[in-house]
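Asker: As they're listed, the protein sequences go chains A and B. Residue numbering for the first sequence follows my numbering, starting at 176 and increasing by one per position. Residue numbering for the second sequence follows my numbering, starting at 176 and increasing by one per position.
Please keep in mind that the hints were generated in silico from the structure rather than gathered at the bench. Note that the coordinates shown come from a computational prediction; the quantities given were computed from them, not determined experimentally. Hints should not be assumed to be uniformly reliable.
Just so you know, same-sequence chains aren't split out, so a pair can sit in one copy or run between any two.
With a Cα cut of at most 25 Å, we get these calculated SDA-like pairs of lysine to any residue [claimed, not checked]:
1. Lys376 - Lys523
2. Lys376 - Asp526
3. Lys476 - Gly552
4. Lys472 - Leu551
5. Lys376 - Leu517
6. Lys502 - Gly552
7. Lys502 - Lys556
8. Lys472 - Leu509
9. Lys476 - Met503
10. Lys370 - Leu546
11. Lys527 - Leu517
12. Lys502 - Arg549
13. Lys476 - Asp542
14. Lys325 - Ser351
15. Lys568 - Asn380
16. Lys376 - Leu509
17. Lys568 - Ser529
18. Lys476 - Gly541
19. Lys370 - Phe583
20. Lys568 - Phe583
21. Lys378 - Asp542
22. Lys523 - Trp375
23. Lys502 - Arg440
24. Lys556 - Leu509
What follows is the residue order along each chain.
2 protein chains.
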Amino acid sequence: MSADIGSVLKEVEARVTPSEELVARVMRVRDEVFRRLQPLAVDFRPELEGSVAKGTWLATDPELDVFMIFPTSASEDSMVNRVMEVGKAVFDKWEVSYAEHPYVRGWIDDVPIDLVPCYGVNSPSEMRSAVDRTPFHTRFVNQSLSQEQKRDVRILKAFFKGIGVYGAEIRVRGFSGYASEVLIYRFGSFLNLLKNAQKWKGKVNLGWNCEPDALGIPDPVDPSRNVTASVSIRSLSTFVAASGFFLRRPSLRFFWPSGEKANVRLDQVLVLRTGRPSSIDDILWGEIWKAADSMRKQLAKEGFTVFDVGAHAGPDYVCFAFYLSSKMRATAYLMEGPPVNLIEDSIKFVDKWSSHEQTLRGPWVGDGRWLVVRALGGDAKDVLEAMLKKELKQLALGDFERQIKRGFQVGWATDAIESCDEECVRMLRSFAGLKEPWVRP
Amino acid sequence: MSADIGSVLKEVEARVTPSEELVARVMRVRDEVFRRLQPLAVDFRPELEGSVAKGTWLATDPELDVFMIFPTSASEDSMVNRVMEVGKAVFDKWEVSYAEHPYVRGWIDDVPIDLVPCYGVNSPSEMRSAVDRTPFHTRFVNQSLSQEQKRDVRILKAFFKGIGVYGAEIRVRGFSGYASEVLIYRFGSFLNLLKNAQKWKGKVNLGWNCEPDALGIPDPVDPSRNVTASVSIRSLSTFVAASGFFLRRPSLRFFWPSGEKANVRLDQVLVLRTGRPSSIDDILWGEIWKAADSMRKQLAKEGFTVFDVGAHAGPDYVCFAFYLSSKMRATAYLMEGPPVNLIEDSIKFVDKWSSHEQTLRGPWVGDGRWLVVRALGGDAKDVLEAMLKKELKQLALGDFERQIKRGFQVGWATDAIESCDEECVRMLRSFAGLKEPWVRP
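Sequences are here, hints too, so could you generate the full structure?
Answerer: Rendered as structure tokens:
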């Protein structure tokens, strides 16, 4: 039973557009920040950027980006010092965050405000750090998008969020807020974008001058940059798939997925828990995906099939999750030896396996190679544990190597949920029972 | 502990060279056949061909090939009639065999004699049936090979036999007797051939004018023909591997493999037994490999990994053997759905699996495709049985389709050896414990 596409979009609009009261509150906070900044703004110029400045913010995410624009003559050290001083003076409640450079996050009336230092440059080609481009984005969106298009940006952001591909962070590998704006600018409207996405197949390049990882779209203010460089093939595929389903079966489900599945089988999911090596999210998630991939490959070499890899980062720990085809390894495992024309390697292989206690069959000659069927068997939990103890060096786990040396636990998700905190349990349950929430009947 | 290569070859020569008594007996039989044929040879000319005529026969295989050479004006029907009449008149004990055409096999003094009709042509280019080429082969070998080389042909044939690649039949897919002679002619000696084979990598073409399946060597009497067309990649690889091992560790083991392994695990081998559809070996084995390959593919689709396929043909039954990685199917199985840009297929897939009782995880979007983890499990025996009952038509089993409809048994080799005859049990044991016999320490 599908709803009418127009009424779904009307409802989404109503939910994502900030109310008059919320707008008034956010504007009051903005005025208050600028009032407090004014006496301090002797070596920089404060300017509002981001989705509030562009009028594309979601009612659920009021957040102010206040940039402190310095002359290009300022030194990087002095800028970092100044943003700390200013933040301390302006906010009662604040903390230091890190992107390419440190910045200050503070709160007024529960509205979060990022205080970000940047250089004032005349064009993006002169920029000295990534954030120097932001003021050009703000101007571009305000000059190029109509009110209807800004409404469609809000709808698109909510769509991306609902299907799980919103955010350029390494954790998500999805679409940034600015990417949403450029997509609406390029395709005119939300529905037109979705219709066009139906023609996308594999990697898609919409005029960027290089080969993209998944999707290439030049930044209108800096065409050599790919606006969607962060998007993975999986995120792009998810968007294409969801677009097709939404056009045929429009529903609020795409924007606000319903809760968890009641029955989830956790016993195919192998969990590794260890310490958290980095406090900066993007660095951490880069390491997480690298380490997960390395462990998946090693598990495959050991005879296990891993269907999917997931992870959860807590404040001081990280949980890896591996979805396995089987808890127990197959009893027999085909091991490929060297090609028959490499005689020295062949002799070494044959001598080793010819009377090895694990040899079930062989060595024999298959199509061009020596082969042996090896008796393996064993529990994936034990194999991963042994890998992390005996083969840690070869695993190339980056920053996780030190954490794992300090300590780790390996177990099945069934047991893990008893000892993990709520957030981690939620991740494990949704990983084990993963299903695109918008396909639910 | 390796023996000296020269003394090994001396011992092989002593064993494969027919004794004076045996030669005298075979020659007496030859004279007797020709004596009996003479009064009948009014429309054909009898001529001795094959390994006895060429002096390359093994002491273990005394066998005479007597060709009845007809003028090209003779009709095929009349030739077939004549060989039957002549065979009946000449032999006390005889039977009809079939190659491209029927021929008669008879025995005198326990020496088998093949009576084969062919056309007498002036050159292989004029030949009308495959056997018309044989007299040219006999002449070529006798004109081109020295006595030492004929000795090396015997050694090479014994080597091919020992490592299991002797014979051009579809069952073996190995080297024919004539291929052995051409190889010695090409490389001068047995040891020089083995040394040269060390340089062979992947497919090997030694001057044939087309791309060979595995090995291409032009027939000296008919260069457009590949002398080793029957050789599979596996047989070629086995020869290359065994050559390298023999040169480094010469031993009689390569020529006369020792007996069975004591301990063989039979429980990874799934056995199917059904009727034998054809009486002609080459046709039967073509069907066997085709059917085995088809069943292997279907088992893979069902989530089973088949490491190797074997078969045994009894007088009225055929046994297929599948070496499996696991008797039980993995509990979870990753099923690939359609690419996300095919929206109609995607909707069909998602609707089917979204609330299917076997769905463990998904449907979700992976890299470009819909995915579902399906609960499978189950015993390979039951799955193969169900396949043969419910999906017989799709399996494309050729002549075996009718046999299987009539009846079949599926079971593990452990049970099968209790109900099979000795020859079949020997095949199952050697299939289950397969190991190149010449690598034994």
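Asker: Determine for every hint whether it applies to the structure shown.
Answerer: Do the hints match the structure? See the list:
no.	hint	result
1	Lys376 - Lys523	between (47 Å within a copy, 19 Å between copies)
2	Lys376 - Asp526	between (50 Å within a copy, 22 Å between copies)
3	Lys476 - Gly552	both (13 Å within a copy, 22 Å between copies)
4	Lys472 - Leu551	both (17 Å within a copy, 24 Å between copies)
5	Lys376 - Leu517	between (43 Å within a copy, 9 Å between copies)
6	Lys502 - Gly552	both (10 Å within a copy, 12 Å between copies)
7	Lys502 - Lys556	both (8 Å within a copy, 21 Å between copies)
8	Lys472 - Leu509	both (16 Å within a copy, 17 Å between copies)
9	Lys476 - Met503	both (14 Å within a copy, 20 Å between copies)
10	Lys370 - Leu546	between (51 Å within a copy, 23 Å between copies)
11	Lys527 - Leu517	within (16 Å within a copy, 50 Å between copies)
12	Lys502 - Arg549	both (18 Å within a copy, 15 Å between copies)
13	Lys476 - Asp542	both (21 Å within a copy, 22 Å between copies)
14	Lys325 - Ser351	within (15 Å within a copy, 79 Å between copies)
15	Lys568 - Asn380	neither (39 Å within a copy, 45 Å between copies)
16	Lys376 - Leu509	between (36 Å within a copy, 22 Å between copies)
17	Lys568 - Ser529	neither (29 Å within a copy, 42 Å between copies)
18	Lys476 - Gly541	both (20 Å within a copy, 22 Å between copies)
19	Lys370 - Phe583	neither (48 Å within a copy, 54 Å between copies)
20	Lys568 - Phe583	within (15 Å within a copy, 53 Å between copies)
21	Lys378 - Asp542	between (35 Å within a copy, 10 Å between copies)
22	Lys523 - Trp375	between (51 Å within a copy, 20 Å between copies)
23	Lys502 - Arg440	both (13 Å within a copy, 23 Å between copies)
24	Lys556 - Leu509	both (21 Å within a copy, 20 Å between copies)
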